[in-house]
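Since the structure of chain A is provided, determine the placement of chains B, C, D and E on it from the hints.
Those protein sequence lines, which keep their order, are chains A, B, C, D and E.
With our numbering applied, the first sequence corresponds to residues 473 to 979, in that order.
With our numbering applied, the second sequence corresponds to residues 976 to 1713, in that order.
With our numbering applied, the third sequence corresponds to residues -13 to 88, in that order.
With our numbering applied, the fourth sequence corresponds to residues 19 to 190, in that order.
With our numbering applied, the fifth sequence corresponds to residues 77 to 574, in that order.
What the hints contain is simulated information worked out from the structure, not anything from laboratory work.
Backbone N, C-alpha and C fix where the C-beta goes; we use that ideal spot for every residue, glycine too.
Do not take every clue at face value.
To be verified - Straight line, CA to CA, 16 Å or less: simulated EDC-like cross-link-like pairs of lysine to aspartate or glutamate:
hint, chain 1, residue 1, chain 2, residue 2
1, A, Lys577, E, Glu530
2, E, Lys145, E, Glu81
3, B, Lys1046, A, Glu963
4, C, Lys11, C, Asp84
5, E, Lys145, E, Glu84
6, B, Lys1134, B, Asp1084
7, B, Lys1046, B, Asp1167
8, C, Lys11, C, Asp81
9, D, Lys159, E, Glu81
10, C, Lys11, D, Glu108
11, D, Lys135, E, Glu284
12, B, Lys1002, A, Glu931
13, E, Lys570, A, Glu539
14, A, Lys577, A, Glu498
15, E, Lys145, E, Asp78
16, B, Lys1383, B, Glu1471
17, D, Lys159, E, Glu84
18, A, Lys577, A, Glu495
19, B, Lys1560, B, Glu1424
20, B, Lys1046, A, Glu959
21, D, Lys24, D, Asp141
22, D, Lys151, C, Glu42
23, B, Lys1383, B, Glu1459
24, A, Lys577, A, Glu497
25, C, Lys11, C, Glu82
26, E, Lys570, E, Asp415
27, E, Lys570, E, Glu143
28, D, Lys151, D, Asp72
29, B, Lys1383, B, Asp1467
30, B, Lys1046, A, Glu970
Stated by the list, open to error - Between beta-carbon pairs, the in silico distance windows are:
hint, chain 1, residue 1, chain 2, residue 2, range
31, B, Asn1604, A, Leu929, 44 to 50 Å
32, E, Phe545, A, Ile520, 42 to 48 Å
33, B, Arg1686, D, Leu40, 30 to 36 Å
34, A, Pro626, E, Ser549, 34 to 40 Å
What follows is each chain in one-letter form.
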Amino acid sequence: MLLSLMIFVPLLGMIVVLLLPRESEELIKRVTLLFTLIPLVLAVVLFISYDRSTAGTQYFVSVPWIETFNINYHIGIDGLSVTLILLTALLGPICVLASWRNIEKGIKAYMALFLLLETGMLGFFAALDLFLFFVFFELTLLPMYFLIGVWGGPRREYAAIKFFLYTLFGSVLMLVAMIAVYLNSGVPGERTFDIPTLITLAGTEGHALADPGFQIWVFLGFFIGFAVKVPIFPFHTWLPDAHVEAPTAISVILAGVLLKMGTYGLVRINMAMFPEGIDFFTNGVGFWGNSLALLGFINIVYGSFCALAQTDFKKLVAYSSIGHMGFVILGLAARNETGVTGAILQMFNHGVISAMLFLLVGVLYDRAHHREINGFGGLGNRMPIYTGITTLAFMASLGLPGLSGFVGEALSLLGAFAKFQVLTILSTIGIVVGAAYFLWTLQRVFLGQLNPKYEDLPEINGREILTLVPLGVLTIVLGIWPHFAIEMFSESVTKLTEIMGTLQASL
Amino acid sequence: MVVSLISIILLCPLAAFAIFALLGLAKRNFPRQDYLSTAAMLVALVCSFLLLWEVVPKPEPHTVDWISLGKITFSMGFYLDSVTVIMLIVVTLVSSLVHIFSIGYMHGDPRYPRFFAYLSLFSFSMLFLVVSDNLLGIYIGWELVGLCSYLLIGFWFEKDSAANACKKAFLTTRVGDVGMFIGMMMLFARFDTLSLYGDNGIFTRITNPEYLTADASGIFWLSIAGVLIFCGAVGKSAQVPLHTWLPDAMEGPTPVSALIHAATMVAAGVYLTARMFPILTPSSSLVIAYVGGITALVAATIAIVRFDIKRVLAYSTVSQLGYMMLAIGAGSYVAGLFHLTTHAFFKALLFLGSGSVIHAFHAMHAHHDEEHANGEEHKHDDHSLVHAHGSEIPSDQDMRNMGGLRRKMPWTFGTMLVATLSISGVPFIFSGFWSKDKILGGVLGRAMEWNSVHHYVLFGMALLAAGITAFYMFRLIFMTFFGEPRNQEMHDMAHESPWVMVVPLLVLAILSFPVVNKWWFNKDNIIRPEQPHIHAPQHAQLGPDTKIDGANFGIAFFGISETEAAEEEGEKNTKKADDAYYIHKLAHNIAMVLSIVVAGVGILLSWLFYHRRRFSAESVATTFRPAYNLFWNKYYFDEFYDGVLVALTVWKSRLFAKFDLSAIDGIVNGVATITRQVFAAFIGFFDNRVVDGIVNRVAEVTWAAGGRIRRIQTGAIQTYLFVVLGGIVLIILIFRAL
Amino acid sequence: MSLQHYLVISAILFSLGIFAVLTRKNAISILMGIELILNSCNLNFVAFSRFVTPPENIDGQIIAIFGIVLAAAEAAVFLAIILAIYREFGSIRPDEVDTLKG
Amino acid sequence: MDFTLKTFIFYGFALLTIASALAVVTVRNIVHAAFALMVTLFGVAGLYVFLQADFLAATQVIVYVGGILVLILFGVMMTSGRLEMRIHIERGQLLLGGGISLALLMLLLTVIANTPKWENLTDDGTAFAPTTKRIGELILKEHFLLPFEVASVLLLVALIGAALISRKEVRE
Amino acid sequence: MDYLENIESLAYFSPEIVLVVFAAAVIILDLLVKNRESEKVAYLSLVGLGCALVAIIVTHSSLGTDESKNLFWGMIRLDGFAVFFKVLLLLATAATILFSLRSEELDARLKGEYYALLLAVTFGMFLMASSTNLLMIFISLETVSLTSYILAGFLTHSPRSSEAAFKYITYGAVASGTMLFGLSLIYGMTGTGDLAAIGQQLPIVLAEGQVTTLGILIAITFILAGIGYKIASVPFHMWSPDVYEGAPIPITAFLSVASKAAGFALFLRFFFSGFGNSEVMQSIDLGLLLAIVSALTMTIGNLAALPQRNVKRLLAYSSIAHGGYLLMGGVLLANSDPDIVNKGISAIIFYLVVYFFMNLGAFYVVVLIANEAGSEMIEGYRGLSSRAPLVAGAMAIFLASLIGIPIFAGFFGKWVLFTAVIEGNLYWLAFVGLLNSVVSLYYYARILKAMYFESAEDTESFSFSKGTFALLSVFVVPTLLIGLLNIFYSLSEKFTLQ
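In isolation and in its complexed conformation, chain A is listed as follows:
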């Protein structure tokens, strides 16, 4: 009930916002803030009351929905989802605050769409019915399309449609795979979309779902769907465009939550449901056995090098996201507790850190109206607080120990090394390059002589600091005491690794 309430409160908020008159903008903003704060409170309650000692799902609700297809409104949370739900709920109000001043037109529609988006995201992480899962997955598409397309930058139309097309393409493959899973889950009448049931069935010897051949191609179907979202190498090109064009808050959501939907799906569906499939792609034998890790490696190195080449601040951050998601993939490919924990932690941390980075880019953009890295210089003197926070975010992102980015990255790599020595070692190139582009950016923007054009650039204001502080605190806290997050999902991860039948591999 609590969970359902949390999911649908933003939807209710959307209706309320739609009913408000268009002119009363302040009211609309406040109402939206309120309706994003409620899920946050509820998410915190869930987070606190979540029983960390079991891997099972909690707070589950299962109500028959479309009985003809045995589709249930089945939601629940385990450690993995509650973490991401907290992230989503946290970013909600932050994004509303970040949109407070810089959305000039159509604030009502903007806020309404944003609330719809939040419902989609929250629902996605809580869904335990494959169909519901898919519906929520897709539900985020349309609001996102409009949010980028209407409130975005100069090439927003292109970026929006590109985003839309890519994601739809991916989800189409996912849909086929999903239907195949459903149809193979039993005889007519006993078919099911229930994720826990399907996981059990897929692990039952002799069941149609457990057939390796079947699992491999279904795995691929889901994988491509999620890969577009993550995004994984050949499917990534929508991301920089979408990020560059999207308004700040939407970039934050995009990087903070939407990308996580892809990796979350990989964990929740691909790994848990298709152990044979994941085994085929990550058993370390031959090309296919290394393919997933290879993709992770490519993401890391490719994303980092692309980031290095960027001169647009936001694009740089966008490419860095690609690189960082590569660590998630690499960690997942390891399939051991260390790697998977690292990957999940990295998901959460990247959500926090990239949100910070995009917010920071937004702060600068709002003042200077451009994002050309070479166009700045010496801002460190002019905006010391901003510089400080940016340095913190950069350092977190480049994996400085003591900040959260490090823990996930390190665990992913440690886990992956057990299995993919060469690829993991090569992936560490990403660490150096990551440091390189962030430091270089830091230098070009903040160090050196102050560019005389920006002598009057105002310092970051209180509202902006307010959006950044919670994220910064999380970054530091999780860097110092990651157990805080890890204890939420360590049981789930243990269960997951058991499902995948892999023990901690050693050299």
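Leaving out everything else, chains B, C, D and E in the frame of chain A:
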């Protein structure tokens, strides 16, 4: 008690920084950040001394589970043995003194409070590194000190050279860190833990004789892991080939150079290598020894030709660090640590002294900065990532502008002279002599014991480096404090520094005498570190060349004579150890004599060149032009990195970006064309979707297909009828064939 | 005079109708072609009714009657539309009526 | 098969039908084509007679020749000043059209030749029974009442529609 | 087979009778009413439709559950399937009448006949949905076609409309002539016109070697020409873009929904009853044939829609594509598992319901914009989000649904279809279908883009009456809700053919 003391030591500086950061968010500064930070450091210092009495014979790690994942646990904790406590004292002591010095030195800087906050953060990180009982914790501290180093080198970030230098420092050390991380991964993959001590720790496990029998490839892996972890030290301790950042790091304020780039952070690499000593196999040890030896020699030769007072000291630091590495690589890790300690004090002293000199020109300095800001056009260098080496020497650091300062700055001169004597290895009353001698003796002993050519070569390098060190250090002294002032204007302006700066110099000067060390490291207080090690018999099996000797384990520490240590060895070990004892004793004596000789020669030459001017340095430089050029250009390391590595990286990233823009699109385009031709009837659509989703291209192809279909829709009804009836015929014909 | 005779005639008529529809450059000729097609169908029905079904079953003939009726109705509407086309376009050439396309 | 008068006449009708149909699709003059169509329709009516469908033959003549053909002629008159339509027909169109129709013809002939059910069903010479009454019963009393009624609606619609579309004055 | 005779049948025939009576009444009222107030006529037609709806419900309930009756000596059949289509068609007609009321294209003075024709075409479609005899199939098809030609050409002052009618009738006449020839071949093979009897006879004669597969193939292909042209499937689709563009918008809407639905009713019943035997189907590989046709239909429809700038024409192509999706369900008729066949049919039924609301809704917006902006071109939609936010929002919902994005009904429709297709092991077809939905995104999104991302030079906002919004919401609400409610899924299963 231990935990709470260490907690206080760690938390004090951290709190000092946190207060600064939190107030900073509210756009405020604590008015007396300097006192706050200094006080925090002093508290830590006191606690460090208190810890001396807490060290127990069998140290146990104090840990908490940091991350626990089912079967695997990453713990965080402290490990307190004598090495730790010595390091703690060194760090807190030097740090406190630098804090005090900075109150005077940094006075009037616009970011004065921030400087102290950074220093506090650095102290915290360094202390954390020192006390950590596991590799992960060490790595965390390791990176954090890197961050602080970055922040402090770039403290005057308006200067492009500083901005470049700080970035270079961070990046270069990160390259090494990645190596270290890979090494950690290898260890983790083998042991499922990164803890070093405790029942399940790596050290405990490898000392188990069963370890190597159970795992045939163990030694091989361990060698690689050892070298990789040493990579981290190569980066941090500025060993060849990653040493280039350290001279550039002199762009930071001088107290920073003293604290971070002389006494503590750069020594962390040595500390780490010493800590990891138990896992170092003979082959990895040899690598370490060579890297150290080469570094010692290369850096020393470069230092001869520098004119920037700070750069000379920087290269000297590199060289001395190489010494320490050499010691560890040769198995005399105690000697290495001993040198670390003595070096920390006298090198910090040298830096602070040079800072004092520079401070003397402070007015000049400010004046120049202003000129610099106004006169030079501000521009960014887009192409270079590690581009800091080309900077000009600031006039206030150029030794060619100095001279005859000993009368103007007697305290500074006196203290610096003590330090110089110490580093040059002037015998018996200076600590540097003892530690350096111990290294030389250790290396020679190893060479004689094993009859190993490698170690003879290494000994030769070390000896040569020792001579050169004496030469260039006295060159510095002569050029700075003796002779006639070369720049009268600046000379007139110079003055002795205020007492806050002089007092630290004095304290450090006192610490450069071995008596003091003896007083601290009284035998009764010191517990010998019980370092476990890979079980020796296993090494024996690997052949004589890879054999490692147990003689250095459980040796006494500072102030305890070699004899005493050897006696204990003798008690413990068999006859073989007796041989080793005598060999080492002999080697020690030979080395002592040789080191005194080379130091004397170095000082003498220096005196002849730079004080008596009996020879002209210029003419020698002309005579040995190629060598001079090599030294002057720092063996072209920077050029190499810039020219090859950096260009390659930038080129690669550009390529990737281009690839993203054109190549993938191009591939899609090409595939689209082929597909269109192959499946012309199928309108080249379906496969493009599968191949890739680059929207533009696919859209174009689909669009073109749409346009093609449009053309069939001519508007003439009979065309339509043709399609219908032709379609019917086609369907029938096709399906009839099926 | 077997069934096949009639069927062949009908097939020929059908093909000719198709040919007319496809190639004639006058809307009315197309209509004639359509009439040929319909006639061939009717002929088929009647022939089948005569030969395939029992003699008393004359369903085929009745279908043919309805076919004729429909043909008439269709012709009427067709011609009306041709008139409208002629009014609007001044021509009844089918390939000149092509403003809607693409 | 004995070559009786009956067969002779049958072949005559068949030939007439096909030949005139060929004329319909080939002659340039549309009025000529219309007359050729009339011949075809008569020919088909004749074939109906051979098939013992007397009522149908009559209907064919009345409706087609009396109705549709007249309608077509009216259409010709109203849409074309010149009776002769000298229109260049593209060769490609002709070839393609011919090809398609020929292909269809071949296919149909193959089917006709290869369907055993339709083989060897010759006119057994059963006595001619008038069909009119039976047709009337079927249409008005039995199975085909509904189609009949629907056809009436259809005709009504066609009537209204044809009138609507062809009237001129709607242009304002 | 038990038939009802003519008089007995009348009671079950009341909906059709009501329609015909009202059609006549409309014409008479049109003559009587002064000033040609078309609204009255329209309302009378609506009343007629209402009465027909009541009649449908009454007859259906008198039928009892799961029962069916063969009326008029087996000419038509009254079953759940027919009832479903009748209701759907009737609602489509009602919607068309309401659209026509608001459309400014139509000549007000001629609306009497117009509405009468609409009622007549509905009548024809009712019969199409229930015919079980070759003759009835043909005659009902012709009734619908002829009326449609007239309606398409109704704007006599518009060359486009006349051209549409001309193309439509030429095309239709050839197609239906071809179909009639095919029907005659079937008649010749089985000696009967009754679909059920054909369904029994055909496998027998085929098994006996009496007929060849080529014969059946030719017959079926010919018949497909007639049916395919109604549902606008490749290669029989070519008329539809031109006709849709030229015809009055309400008629376009009507044709794209009602005509297509009736075509599918006919298609399903014909193949289910006449060729329900999978041996016959497999002998000519009908499943593959239909699958290819279906794949081509959606692909070509979607591709050709891409470059369109006229929204009406764009929607015409889109409706071709949707015909292709629907046909996927038809492909399953060839499956040997009757359960899957039924799933296919019920998927089509479900999709038709969904399609009804979203497509008609979209066309309604086209009507509204054509009235206000005077343009059917995509440029006319620029800045609609600010000029008429509610209408733009509704259009966005329809388009999203047409794309097939969850939670909109279109997604669930596709979902049901694809599930059925995949269950029939036609993965490739499902794949093609899904890729097509991705392509379709592109052109639908262009309308979205025009409405939301671009701004018009003229920023004056449009004003619409409350009735407009009420009618719009009639389409919006089901488009939002149908997929979410289980009842529609179970209903669609209930109305399949038995």
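Hints and how they fare:
Of the pairs offered as hints, the one joining Lys577 of chain A and Glu530 of chain E holds, with about 13 Å between alpha carbons and a cut-off of 16 Å not exceeded. At roughly 11 Å between alpha-carbon atoms, Lys145 of chain E and Glu81 of chain E fall within 16 Å of each other, so this suggested pair holds. The straight-line distance between the Cα atoms of Lys1046 of chain B and Glu963 of chain A is roughly 11 Å, inside the 16 Å bound, and the hint therefore holds. Taking the CA atoms of Lys11 of chain C and Asp84 of chain C, the gap is near 14 Å; set against the 16 Å cutoff, the hint holds.
Between Lys145 of chain E and Glu84 of chain E, the direct Cα distance comes to roughly 11 Å. Compliance with the 16 Å bound is thereby established for this hinted pair. Under the criterion of a C-alpha separation no larger than 16 Å, the hint pairing Lys1134 of chain B with Asp1084 of chain B is consistent with the structure, at around 14 Å. A C-alpha spacing of about 9 Å is found between Lys1046 of chain B and Asp1167 of chain B, which places the hinted pair at or below 16 Å, so the restraint holds. Between Lys11 of chain C and Asp81 of chain C the CA atoms are separated by roughly 8 Å; this keeps the pair inside 16 Å, and the hint holds.
Distance restraint check for Lys159 of chain D and Glu81 of chain E: the Cα-Cα separation of roughly 9 Å lies within the 16 Å cut-off, and the hinted pair is therefore satisfied. The suggested pairing of Lys11 of chain C with Glu108 of chain D holds, with an alpha-carbon distance near 10 Å, which does not exceed 16 Å. This hinted pair checks out: Lys135 of chain D and Glu284 of chain E have alpha carbons roughly 10 Å apart, not beyond 16 Å. The hinted pair formed by Lys1002 of chain B and Glu931 of chain A meets the criterion: a straight-line CA distance of about 10 Å does not exceed 16 Å.
Distance check on the hinted pair: Lys570 of chain E and Glu539 of chain A sit about 14 Å apart at the alpha-carbon level, within 16 Å; holds. Under the criterion of a C-alpha separation no larger than 16 Å, the hint pairing Lys577 of chain A with Glu498 of chain A is consistent with the structure, at around 13 Å. For the given pair, Lys145 of chain E sits about 8 Å from Asp78 of chain E by alpha-carbon distance, which is consistent with the 16 Å threshold. Between Lys1383 of chain B and Glu1471 of chain B the alpha-carbon distance is near 6 Å, which keeps this suggested pair within the 16 Å criterion.
Proposed proximity of Lys159 of chain D and Glu84 of chain E is supported: the alpha carbons are some 13 Å apart, at most 16 Å. Restraint check: the Cα-Cα separation between Lys577 of chain A and Glu495 of chain A comes to about 11 Å, which is no more than 16 Å; the hinted pair holds. For the proposed pair Lys1560 of chain B and Glu1424 of chain B, the alpha carbon gap of about 11 Å is at most 16 Å, so the pair holds. Note on Lys1046 of chain B and Glu959 of chain A: the hinted pairing holds, with a Cα-Cα distance of about 14 Å set against a maximum of 16 Å.
Under the criterion of a C-alpha separation no larger than 16 Å, the hint pairing Lys24 of chain D with Asp141 of chain D is consistent with the structure, at around 11 Å. In summary, the hint linking Lys151 of chain D to Glu42 of chain C is supported, as the alpha carbons are separated by about 12 Å, within the 16 Å threshold. As the CA atoms of Lys1383 of chain B and Glu1459 of chain B are separated by approximately 12 Å, the hinted pair is consistent with the 16 Å bound. This hinted pair checks out: Lys577 of chain A and Glu497 of chain A have alpha carbons roughly 10 Å apart, not beyond 16 Å.
Our distance criterion of 16 Å between C-alpha atoms is met by Lys11 of chain C and Glu82 of chain C, whose separation comes to about 10 Å. Using a Cα cut-off of 16 Å, the hinted pair Lys570 of chain E and Asp415 of chain E holds, with the two alpha carbons roughly 13 Å apart. Between Lys570 of chain E and Glu143 of chain E, the direct Cα distance comes to roughly 12 Å. Compliance with the 16 Å bound is thereby established for this hinted pair. About 11 Å separates the Cα atoms of Lys151 of chain D and Asp72 of chain D, which keeps this hinted pair within 16 Å; it holds.
The suggested pairing of Lys1383 of chain B with Asp1467 of chain B holds, with an alpha-carbon distance near 9 Å, which does not exceed 16 Å. The suggested pairing of Lys1046 of chain B with Glu970 of chain A holds, with an alpha-carbon distance near 12 Å, which does not exceed 16 Å. Restraint check, Asn1604 of chain B to Leu929 of chain A: a C-beta distance of roughly 46 Å satisfies the suggested window 44 to 50 Å. In this structure the hint that Phe545 of chain E and Ile520 of chain A lie 42 to 48 Å apart at CB holds, the actual value being about 46 Å.
Under the hint 30 to 36 Å, the C-beta atoms of Arg1686 of chain B and Leu40 of chain D, about 34 Å apart, fit the expected range. For Pro626 of chain A and Ser549 of chain E, the hinted distance range of 34 to 40 Å is satisfied, since their beta carbons lie about 36 Å from each other.
Checked against the numbered hints above, the structure violates none of them.
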